[in-house]
Structures are given as structure tokens and as C-alpha cells.
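Chemist: Sequence:
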Amino acid sequence: MSRRKDFNLTFSRTKTPGGSLIYYCDSMSSTNNQSLCLATILSGYHEKDDINYLIENITLAQNGQQYEDFHQPDSLTGSFELIISPPNIVISPNNHQIPLQACKELLNEWLEFISI
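Quick note: the sequence shown, position 48, residue 48 per our numbering, numbers continuous.
Be aware that one or more of the hints could be misleading.
Calculated cross-link-like contacts (lysine-lysine; reagent style BS3-like; alpha-carbon spacing at most 30 Å) [as the list claims (entries may be wrong)]:
(1) K48 x K104
(2) K15 x K104
(3) K15 x K48
(4) K5 x K15
(5) K48 x K5
(6) K104 x K5
Note that these hints are calculated values from the structure, not bench results.
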């Protein structure tokens with residue numbers, strides 16, 4: 001099973017009239033706050049370099065090395081942020097916690113999707 005299914009997420013893309021692609025992550029549940037937060041944050045990560053940087057920092061944390069703990073997509077403001085706090089990543093604004101490995105796998109799925 002894919003991580004996006006584990007977290008009740010779907011990925012989609014839309015082409016604008018100008019020909020640009022816009023990528024979306026949506027929650028399949030309107031009541032699962034964790035899923036809604038993840039969908040918002042993933043939709044904010046549309047730059048491959050930013051996703052890779054977050055994945056690299058998760059890997060560093062998993063290996064007990066120095067890492068940057070705070071991450072927030074440039075397109076999101078306010079309280080939508082990720083804090084690497086081994087063995088989990090904390091998703092604000094509601095402080096949901098998911099294991100680092102699960103988050104890394106979900107980010108890799110998102111990266112693969114937006115790279116197509």
C-alpha cells in the first residue's frame with residue numbers, strides 16, 4: 001500500500017490555460033485533521049529542490065547527524081510547518097506526529113508524482 005493511501009490522500013494535476021501544470025494533494029476525508037494538514041503542506045511543496053532538502057534532513061535525523069529541524073513551504077504562511085523531532089515529524093498547526101520514515105516515503109511519492 002502506498003503512503004498516500006495510508007494517510008487518505010490523493011494526488012492530481014491540472015493544466016492552466018497557459019499550459020503550466022499545477023499539482024494538488026487532497027484529503028479523501030473532510031474530518032481527518034491530520035490528512036487535511038498533510039494535504040495542505042504537500043500541495044505547498046512544488047519545488048523539487050525543497051522536497052529533496054526536506055528528505056535529506058529527515059535522513060540526517062534518522063542517522064543521528066545534525067539536521068535543520070524547521071521546514072515550511074515558501075508558498076504557505078502562518079502555522080503550516082513541519083518540525084523534525086526524532087523519531088517523528090511534527091505537523092503544525094495541530095501538532096500531529098508521524099514517523100520520520102513514513103513522512104520520507106510520502107515525500108518521495110509526492111516528488112515522483114510532480115516529476116512526471
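Chemist: Next step is simple, just say for each hint if it's right about the structure.
Modeler: Against the structure, the hints come out as follows:
no.: 1; hint: K48 x K104; result: 14 Å, holds
no.: 2; hint: K15 x K104; result: 27 Å, holds
no.: 3; hint: K15 x K48; result: 18 Å, holds
no.: 4; hint: K5 x K15; result: 24 Å, holds
no.: 5; hint: K48 x K5; result: 22 Å, holds
no.: 6; hint: K104 x K5; result: 15 Å, holds
Checked against the numbered hints given earlier, this structure breaks none of them.
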